[in-house]
Structure formats: structure tokens, C-alpha cells
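Trainee: I would like the entire structure built from these sequences, with the hints used as guidance.
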Amino acid sequence: MRLFNTLTRSVQTFTPLDPAGKTVGMYCCGPTVHDFAHIGNFRTFVFADLVRRYLEYQGFSPVHVMNITDVEDKIIKRVHEAKTSLREFTGKFETAFLDDLTSLNCLQPHHTPRATEHVPQMVDLIGKLMSRGIAYQAPDKSVYFSIKNYQGCGCGYGQLVKLNFDEMRPDKRVASDEYEKESAADFALWKARVSEDGEVFWPSPWGEGRPGWHIECSAMSMNLLGPSFDLHLGGEDLIFPHHEDEIAQSEGATGQPFVKHWMHGAHLLVEGKKMSKSLGNYFTLRDLLAKGFSGREIRYLLLTAHYRESFNFTLDGLCGARVALSRIDECLGKLRQTAGNTSAAPEPTVLARIIESLDEDLNISGAWGVVFEWVRELNRALAAHELMPEQAAAALAAWVQMDTIFGIGAKADTEMPAELLVLLDDRNAARKAKDFKRADSIRDELKSQGWVIDDTPTGARLKKL
RNA sequence: GGCGGGGUAGCCAAGUGGUAAGGCACGGCUCUGCAAAAGCUGCAUCGUCGGUUCGAUUCCGACCCUCGCCUCCA
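Residue numbers for the first sequence follow this note's numbering, beginning at 7 and rising by one.
In short, the hints are calculated from the structure, not lab data. Some hints here could point you the wrong way.
[Stated by the list, open to error] Mimicking DSS-like on lysine-lysine, the simulated pairs with C-alpha atoms at most 25 angstroms apart in a straight line are:
1) K154 - K187
2) K98 - K147
3) K168 - K83
4) K297 - K147
5) K266 - K283
6) K453 - K440
7) K440 - K469
8) K417 - K443
9) K266 - K28
10) K83 - K283
11) K266 - K187
12) K197 - K134
13) K80 - K197
14) K168 - K266
15) K469 - K297
16) K80 - K266
17) K134 - K187
18) K89 - K168
19) K469 - K340
20) K168 - K80
21) K197 - K187
22) K297 - K98
23) K470 - K443
[Stated by the list, open to error] Taking CB as the label site, the calculated pair distances span:
24) E425 - N318: 42 to 48 angstroms
25) A390 - L427: 28 to 34 angstroms
26) E421 - K98: 31 to 37 angstroms
27) D41 - Q114: 17 to 23 angstroms
28) K280 - S349: 45 to 51 angstroms
29) Q114 - L427: 36 to 42 angstroms
30) D24 - S137: 26 to 32 angstroms
31) C325 - Q64: 30 to 36 angstroms
32) E362 - D79: 44 to 50 angstroms
Just so you know, these numbers come straight off a predicted model, no measurement behind them. No residue lacks a Cβ here, since even glycine has one placed at the ideal position from N, Cα and C.
Mentor: Here it is as C-alpha cells:
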């Protein structure tokens with residue numbers, strides 16, 4: 007399989023570090039648990055899930071790590087406002103986040119380390135950087151990473167993004183930076199305790215304080231996956247400074263290459279605009295579920311576009327996703343009827359075409375194109391009664407296989423309430439008696455209860471709207 | 001100002017040096033007591049202008065528009 011690597015800015019064949027070519031260390035920057043995660047966050051996590059599922063499909067054994075950032079400026083502020091404890095505050099959102107992943111049918115990562123539970127590892131890493139002269143403690147007692155000294159060691163800063171510090175337009179945030187760094191480009195490894203931190207602090211050789219943002223990912227990823235590992239994913243906004251700084255800290259401390267292959271998911275727009283609460287286009291996953299959309303519809307929509315292209319997420323698109331999925335569901339339902347108890351090996355052609363598409367940097371739009379062409383062919387054959395039970399079974403088996411990658415699943419069966427079945431029988435009787443007025447009124451009645459009658463040549467059935 | 005993405009039908013979105021997948025919407029048809037549902041089917045010359053080429057949407061150049069990053073950010 008070939009994947010785009012942000013380090014080389016090119017699509018290249020993916021080969022794991024594991025000499026056996028089997029195990030893949032995969033780290034995905036996880037959520038900061040200060041609120042419910044929004045749909046943009048989930049685009050990235052669904053993307054990571056696709057990467058993992060595809061690796062597994064291709065016979066690799068990924069070890070999927072996703073951190074939980076549970077200490078950070080915004081969290082501390084909110085903990086203070088809510089007059090609660092850090093753990094209580096973040097625990098709520100962490101649970102919600104993992105539930106949301108389940109709603110989207112994302113496989114749970116194998117490890118979800120919390121930053122607050124890896125402070126000793128971070129302190130250890132900072133200690134290494136101090137001893138190598140790459141980190142320093144400023145007069146404000148905070149510890150910073152010295153990019154100048156790092157570069158002096160022959161290390162490269164700016165591996166993921168071309169940087170020209172002279173040409174950079176100093177941002178207001180830099181200008182107003184109150185930290186006492188030696189250089190504006192340096193970043194905090196350890197933030198000295200201040201009164202606003204309340205009870206949120208840990209001991210360290212440099213005094214009480216809390217870790218900087220970037221250090222947690224270096225510490226936890228290397229702790230679980232070793233100093234060098236295969237894949238590191240995240241949203242495109244993390245390329246700089248977060249991932250650049252992770253590389254600097256990690257390679258500065260170990261002297262070894264940190265990550266072989268970096269992948270970044272593009273952001274999404276909502277209704278054509280950057281998501282913002284003031285525009286009213288800011289959706290958490292929960293907002294969308296509350297509007298009646300299902301996790302699989304949302305997952306499908308997020309998976310329709312290539313991960314490196316920005317994607318315009320719209321409620322209209324979500325309605326379209328529902329219709330598109332029902333096209334697949336209808337076809338699968340008919341296949342099941344035709345297949346009966348017959349079983350067969352998966353039909354290989356469609357799978358090969360899907361793999362061909364996904365192998366080239368996860369071209370999932372192309373893969374969906376294959377799926378829908380396949381559905382049309384099957385529908386044609388089904389309508390002409392030309393599909394043998396063995397063929398239907400082979401198609402179903404192929405779907406099961408491809409769905410281990412897509413993770414769309416089958417539509418949940420909804421039980422038909424007995425009283426509605428009675429109404430349906432009444433309607434059938436009315437139709438037989440040519441009492442169409444009564445038949446239609448029953449149809450309206452059922453519709454008002456959210457069920458639509460599907461008249462087929464073999465009889466009527468009910469479908470949930 | 002620096003760096004990096006994009007501009008393909010009403011909308012979303014693949015792709016290719018030889019006249020453009022797929023989904024939604026829309027039209028037609030089949031089915032139906034009528035509908036609905038479902039199915040089939042129709043529907044684009046690829047931002048603009050030049051260049052290279054037998055041939056470009058695809059390569060090169062210029063331009064226009066748009067989005068993102070430049071130390072909070074998926």
C-alpha cells in the first residue's frame with residue numbers, strides 16, 4: 007500500500023520498521039477533553055480508524071495508540087470555573103468521547119494513555135533534554151526547548167514544514183507572549199506552577215508545575231511504541247508547531263529518528279464555512295445525533311471524501327448520505343433473500359478493485375465508486391432474476407469483507423410493532439376488497455406513525471422512515 | 001510577507017496525455033388501483049489566457065478566485 011508522507015510530501019510505499027513486516031506502531035493525536043468533540047474532530051478520528059482498519063485488512067498488526075490530553079490551559083480554567091476536580095471534569099468528557107467513537111463505529115484504540123498519568127515519563131524526557139543542553143530553565147522557572155541548541159547538535163528543525171523564521175510574520179500571540187523564553191521560537195516543556203493552576207501541579211526537578219502540550223505525545227508515544235515507530239497521524243493543523251516540536255523533543259532526547267511516516271487529515275468546513283459557534287455551524291457529534299442522524303450516516307459522509315482534501319460537511323449532504331446508504335441496504339436485503347442459506351466464498355473481483363483504489367493513498371472516493379457500480383450490476387441481475395443463490399452469497403461475503411474496512415455495517419433491523427402488522431393486514435384485506443379509500447387511510451395512518459408501506463410483487467412490508 | 005492546499009455538472013466528489021467514476025438532486029421509464037418505496041435510465045468537456053503535443057481537463061507558464069498554516073487548534 008502507498009500512503010502520503012508529510013515528511014517527504016509525496017506518496018510512498020508503506021513499509022513497517024518491524025523486520026517481520028507485521029507490527030505497525032501507530033499513534034494518533036487524541037482529543038483535549040475540555041468539551042464534547044465536534045464533527046471536525048471526528049473527521050480526523052474516522053480517518054485514523056480507516057488507516058487502522060486498512061492496515062489490518064492488509065495483514066498488518068497495528069498497535070493503535072491515542073492519547074487523551076487531560077491537562078491543558080483551557081481545562082484548568084474550566085475546572086476552576088466549575089469548582090470541580092481535574093479528574094472529575096475530564097473524566098466526563100473522556101467517557102463521552104469514547105462513546106462517540108463507538109457511535110461512529112470506530113475501533114477503540116489499543117491504548118488511550120492519559121497525559122496526567124505519564125508525568126514521570128515526561129519529566130524523564132525533559133531531564134534528558136536538559137542533560138544534553140537542549141533545554142533550559144528560564145527565570146520564570148519554566149523549562150523551555152532551545153531550538154538553537156537543538157540545531158547546534160546537527161538536528162533539523164522544520165522537517166514537516168518549511169520554516170523561515172526571518173520571513174515569518176510575528177503573530178500577536180508571540181508578541182504578547184509573557185513567557186521568558188530566550189527565543190520566540192522556543193516552546194515550553196514544563197510550565198512552572200502559577201496561582202491560577204490551583205491544585206493542578208506535579209513535582210519535578212525544576213519545581214512544581216505541569217507539562218507543556220507537546221511533551222505528552224513524545225513521552226507517551228515512545229513509552230508505548232518505542233523511540234522509533236511507524237505512523238503518526240493527526241489533523242493538518244497539528245503539523246506546526248505540535249508535530250514539529252514532537253520531533254524535536256523526541257529526536258533531541260533519543261538521538262534516533264522519531265516517526266517514519268506522518269499522515270495528516272484535512273479539516274472540514276461546515277455549510278461552506280469554517281465551523282464557529284457564532285455562525286451556528288458548529289456541531290458536536292451529539293448535536294447531529296439529536297437531529298436524528300445516525301452514527302453510520304455521519305461516518306459514511308465523513309468517509310466519502312479523500313482525507314487530504316478539505317471537505318464541506320452539510321446537513322444536506324447528511325440527508326444524501328442516508329439515501330445513498332439505503333441504496334446499499336436495499337441491495338443487501340435482496341441479496342440475503344436470494345442467497346437464503348447458501349454460503350460462498352467472497353466474490354474476488356469487486357474486492358480487488360476496491361483494494362486497488364485504497365492502496366493508492368486510501369482513495370476511498372474511488373472505492374465507493376466501485377461499490378455503487380457493483381450495487382447497480384447486482385440490482386440489474388436481481389431484477390432480471392439472473393442472480394443465482396451462490397452468486398448472491400458470494401456478493402454478501404464480499405460485502406462483509408469490504409465492510410471490515412468501511413465500518414458501515416448493516417442497517418439495524420427495527421422490529422415491527424404487532425399492532426402495526428395488524429393494520430397492514432387490514433389494508434391488505436381492504437385492497438383485496440377494492441376498498442381503496444380505507445386502504446389509503448390505513449397507509450396514511452401508518453405513515454403518521456413513521457412507517458412506510460413498501461408494496462412489492464411478493465406482498466407488502468413495512469419500512470421505518 | 002513566508003509556506004502549503006484547492007478550483008471538475010444544481011450540490012458533494014474521484015480520475016486520466018487520447019474527448020470525464022460514483023453519490024445526492026432533477027427528468028424519463030418499469031412496477032402500482034393510485035401512490036410511495038425500489039429498480040432501470042438520461043444529465044458536465046474539467047477557473048481564465050497562453051505554450052508544449054498529432055491530441056490536454058490531465059504537462060509547463062502567467063493570471064484570477066478560494067481555503068489553510070505561520071507557535072490555542074482535529
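Trainee: Against the 25 angstroms threshold, does the CA-CA distance of K469 and K297 hold or violate the hint?
Mentor: It holds: about 20 angstroms lies between the C-alpha atoms, which stays within 25 angstroms.
Trainee: Within 25 angstroms, alpha carbon to alpha carbon, are K134 and K187?
Mentor: The given pair, whose Cα atoms are some 19 angstroms apart, holds under the 25 angstroms limit.
Trainee: Does the beta carbon distance between Q114 and L427 stay inside 36 to 42 angstroms, or does it fall outside?
Mentor: For L427 against Q114, whose Cβ atoms are near 38 angstroms apart, the range 36 to 42 angstroms holds.
Trainee: So the hint says 45 to 51 angstroms: do the beta-carbon atoms of K280 and S349 match that?
Mentor: holds, 49 angstroms
Trainee: Would you mind confirming whether the straight-line C-alpha gap from K89 to K168 stays at or under 25 angstroms?
Mentor: It is violated: about 43 angstroms lies between the C-alpha atoms, which goes past 25 angstroms.
Trainee: Taking only the CA atoms, is the gap from K83 to K283 under or equal to 25 angstroms?
Mentor: holds, 19 angstroms
Trainee: Is 28 to 34 angstroms respected by the C-beta to C-beta distance linking A390 and L427?
Mentor: holds, 31 angstroms
Trainee: Just to be sure I understand the hint, the distance between the Cβ atoms of D24 and S137 should be within 26 to 32 angstroms; is that true here?
Mentor: holds, 31 angstroms
Trainee: Is it true that the CA of K154 sits at most 25 angstroms from the CA of K187?
Mentor: OK: K154 and K187 at ~12 angstroms, within 25 angstroms.
Trainee: Check the hint pairing K417 with K443 against an upper bound of 25 angstroms on the C-alpha distance.
Mentor: Roughly 33 angstroms between the alpha carbons, so the hint for K417 and K443 is violated.
Trainee: Do E425 and N318 keep their Cβ atoms within the hinted range of 42 to 48 angstroms?
Mentor: About 43 angstroms separates the Cβ atoms of E425 and N318, which means 42 to 48 angstroms holds.
Trainee: Take the C-alpha atoms of K297 and K147, compute the straight-line distance between them, and say whether it is at most 25 angstroms.
Mentor: violated, 49 angstroms
When each numbered hint is compared with the structure, violations occur for hints 2, 3, 4, 5, 8, 11, 16, 18, 20.
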